[in-house]
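With the sequences and hints as input, model every part of the structure.
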Amino acid sequence: MINKIQAAENVTDNTSKKLKNEKQHSGGRLQRVSLTEKRFLDDAVHAAARVKGKRLTAEERRKVLCVAREQIRSQRKAEQIKNERNKERFEAEFEWKKPASFRR
1 MINKIQAAEN
11 VTDNTSKKLK
21 NEKQHSGGRL
31 QRVSLTEKRF
41 LDDAVHAAAR
51 VKGKRLTAEE
61 RRKVLCVARE
71 QIRSQRKAEQ
81 IKNERNKERF
91 EAEFEWKKPA
101 SFRR
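All residue numbers for the sequence shown refer to full-length UniProt numbering, where the first residue is 1 and numbers rise by one.
Since the hints were made in silico from the structure, they are not lab data.
Backbone N, C-alpha and C fix where the C-beta goes; we use that ideal spot for every residue, glycine too.
Treat the hints with caution; some may be incorrect.
What the hints assert, rightly or not - Straight-line alpha carbon distances no greater than 30 Å define the calculated DSBU-like cross-link-like pairs of lysine-lysine that follow:
hint : residue 1 : residue 2
1    : LYS82     : LYS38
2    : LYS98     : LYS38
3    : LYS77     : LYS87
4    : LYS77     : LYS98
5    : LYS98     : LYS87
6    : LYS97     : LYS38
7    : LYS87     : LYS97
8    : LYS63     : LYS38
9    : LYS77     : LYS63
10   : LYS63     : LYS87
11   : LYS63     : LYS52
12   : LYS82     : LYS63
Stated by the list, open to error - With beta-carbon atoms standing in for the labels, derived distance ranges:
hint : residue 1 : residue 2 : range
13   : ALA49     : TRP96     : 38 to 46 Å
14   : ALA100    : CYS66     : 58 to 66 Å
15   : LYS63     : VAL33     : 14 to 22 Å
16   : ALA49     : GLN75     : 19 to 27 Å
17   : THR57     : ILE81     : 56 to 64 Å
18   : ASN86     : ARG50     : 35 to 43 Å
19   : GLN71     : ARG50     : 13 to 21 Å
20   : ARG89     : THR36     : 20 to 28 Å
21   : LYS38     : ASN83     : 16 to 24 Å
22   : LYS77     : LEU35     : 43 to 51 Å
23   : GLN80     : ARG103    : 19 to 27 Å
24   : GLU70     : LYS98     : 46 to 54 Å
25   : GLU79     : ARG50     : 24 to 32 Å
Spelled out as structure tokens, the structure:
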């Protein structure tokens with residue numbers, strides 16, 4: 001069984017004081033954020049503060065925003081894939097043929 005100090009060392013990196021297992025996204029910050037995405041980020045922070053019952057610390061706010069940004073990235077990727085599918089569907093060649101007449 002490990003003691004509390006070893007557990008703390010496993011969780012945090014002493015040089016940066018960030019969580020070791022925290023996923024760092026290679027994309028960095030979101031460069032352009034639409035109005036709806038900005039509202040989503042603000043709502044995420046507000047909801048987290050409401051759950052906690054008081055103001056968030058800087059670290060808690062950073063974690064909430066990190067998760068919200070990841071959700072925005074995944075939503076953007078899903079929209080991109082959806083648009084590519086629609087584009088491929090509409091780019092398929094369409095050849096008009098005279099409909100066969102109805103015979104009894």
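A quick look at each hint next to the structure:
{"no.": "1", "hint": "LYS82 to LYS38", "result": "holds, 22 Å"}
{"no.": "2", "hint": "LYS98 to LYS38", "result": "violated, 52 Å"}
{"no.": "3", "hint": "LYS77 to LYS87", "result": "holds, 15 Å"}
{"no.": "4", "hint": "LYS77 to LYS98", "result": "violated, 40 Å"}
{"no.": "5", "hint": "LYS98 to LYS87", "result": "holds, 26 Å"}
{"no.": "6", "hint": "LYS97 to LYS38", "result": "violated, 49 Å"}
{"no.": "7", "hint": "LYS87 to LYS97", "result": "holds, 23 Å"}
{"no.": "8", "hint": "LYS63 to LYS38", "result": "holds, 16 Å"}
{"no.": "9", "hint": "LYS77 to LYS63", "result": "holds, 21 Å"}
{"no.": "10", "hint": "LYS63 to LYS87", "result": "violated, 36 Å"}
{"no.": "11", "hint": "LYS63 to LYS52", "result": "holds, 14 Å"}
{"no.": "12", "hint": "LYS82 to LYS63", "result": "holds, 29 Å"}
{"no.": "13", "hint": "ALA49 to TRP96: 38 to 46 Å", "result": "violated, 59 Å"}
{"no.": "14", "hint": "ALA100 to CYS66: 58 to 66 Å", "result": "holds, 60 Å"}
{"no.": "15", "hint": "LYS63 to VAL33: 14 to 22 Å", "result": "holds, 18 Å"}
{"no.": "16", "hint": "ALA49 to GLN75: 19 to 27 Å", "result": "holds, 23 Å"}
{"no.": "17", "hint": "THR57 to ILE81: 56 to 64 Å", "result": "violated, 36 Å"}
{"no.": "18", "hint": "ASN86 to ARG50: 35 to 43 Å", "result": "holds, 38 Å"}
{"no.": "19", "hint": "GLN71 to ARG50: 13 to 21 Å", "result": "holds, 18 Å"}
{"no.": "20", "hint": "ARG89 to THR36: 20 to 28 Å", "result": "holds, 26 Å"}
{"no.": "21", "hint": "LYS38 to ASN83: 16 to 24 Å", "result": "holds, 22 Å"}
{"no.": "22", "hint": "LYS77 to LEU35: 43 to 51 Å", "result": "violated, 20 Å"}
{"no.": "23", "hint": "GLN80 to ARG103: 19 to 27 Å", "result": "violated, 48 Å"}
{"no.": "24", "hint": "GLU70 to LYS98: 46 to 54 Å", "result": "holds, 53 Å"}
{"no.": "25", "hint": "GLU79 to ARG50: 24 to 32 Å", "result": "holds, 28 Å"}
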